[in-house]
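Enquirer: The numbering used here applies: residue 1 is where the sequence shown begins, and numbers increase by one.
I should point out that these hints are in silico values taken from the structure, not numbers from a laboratory.
Small disclaimer: the values here were computed from a predicted structure and weren't measured.
Backbone N, C-alpha and C fix where the C-beta goes; we use that ideal spot for every residue, glycine too.
Here are the in silico distance ranges between beta carbons for each label pair:
#1 Gly39 / Val233: 35 to 45 Å
#2 Asp83 / Arg223: 42 to 52 Å
#3 Gly232 / Ile207: 16 to 26 Å
#4 Trp197 / Glu41: 35 to 45 Å
#5 Gly39 / Arg133: 11 to 21 Å
Taking lysine to any residue and the SDA-like style, the derived pairs with C-alpha atoms no more than 20 Å apart in a straight line are:
#6 Lys218 / Phe178
#7 Lys56 / His82
#8 Lys238 / Arg151
#9 Lys221 / Arg167
#10 Lys238 / Gly162
#11 Lys116 / Leu75
#12 Lys116 / Asp23
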Amino acid sequence: MSTPADPLIRADGSPVRVLVVDDERMLADLLASALRYEGWEVTTASTGVSAVRTAKEIQPDVVVLDIMLPDFDGLEVMRRIHDHTPGVPVLFLTAKDAVEDRVAGLTAGGDDYVTKPFSLEEVVARLRALLRRSGASAAEPANVLTVGDLRMDEDSHEVWRGSTEIRLTATEFELLRFLMRNPRRVLSKSQILDRVWNYDFGGQANIVELYISYLRRKIDKGREPMIHTMRGVGYVLKPAEAQEHSDGAVSSAAPGGASAGARG
1 MSTPADPLIR ADGSPVRVLV VDDERMLADL LASALRYEGW EVTTASTGVS AVRTAKEIQP
61 DVVVLDIMLP DFDGLEVMRR IHDHTPGVPV LFLTAKDAVE DRVAGLTAGG DDYVTKPFSL
121 EEVVARLRAL LRRSGASAAE PANVLTVGDL RMDEDSHEVW RGSTEIRLTA TEFELLRFLM
181 RNPRRVLSKS QILDRVWNYD FGGQANIVEL YISYLRRKID KGREPMIHTM RGVGYVLKPA
241 EAQEHSDGAV SSAAPGGASA GARG
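Let's have the full structure, built from the sequences with the hints guiding it.
Expert: This is the structure we're talking about:
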């Protein structure tokens, strides 16, 4: 198969869930492998009863359903799935090419169909279209960093916290990028100096403190802090909701005891 496009994801960022229902085991396994190659989470079922039970358990984002099953007609299976998962898109697989069969499937609530034999590429393309219409979105490209509600596009050099765009100088951007590439990891001043300013630690720690204070003014001001000081160790960036309040080891204040409102 060709290289997969950007994987589609659910609203919570997890892979989309696909239920494949076909009593031809080899065909179901082949189709499942092709869909997993797209980065999707795939579950298979071989009967109508197991399909309805599985759909109730996993709450799929789309169903690939053979219209001819050993126990139930595919149309009846779709109706039962829609009883507890209303609106989930259904792509019918059918060996029947008669117009009346296609019309029956679509009229009963199916969203699309493909006729056997079919190409895997066609099935993937049709499923992508159904998933996009139902709300799935493309995963963030690799050049976009996200930590909590903080987002950085490394190509355009744009930074947002929530819906607010934050403008940074070139040095501030490089410092924030280093922090975002190492979320929840404590970075020492010497590590930051070496990575951002490209020279070894040697009495220049104050420049790190200065630029950390600049970032805090832009990233944290008026919001829950994300940039924290580990006293005597370094700095750590983590989502605001993950802030530790219990042991007092993490401080959002600037070095030297400056208050949040008087940094830099």
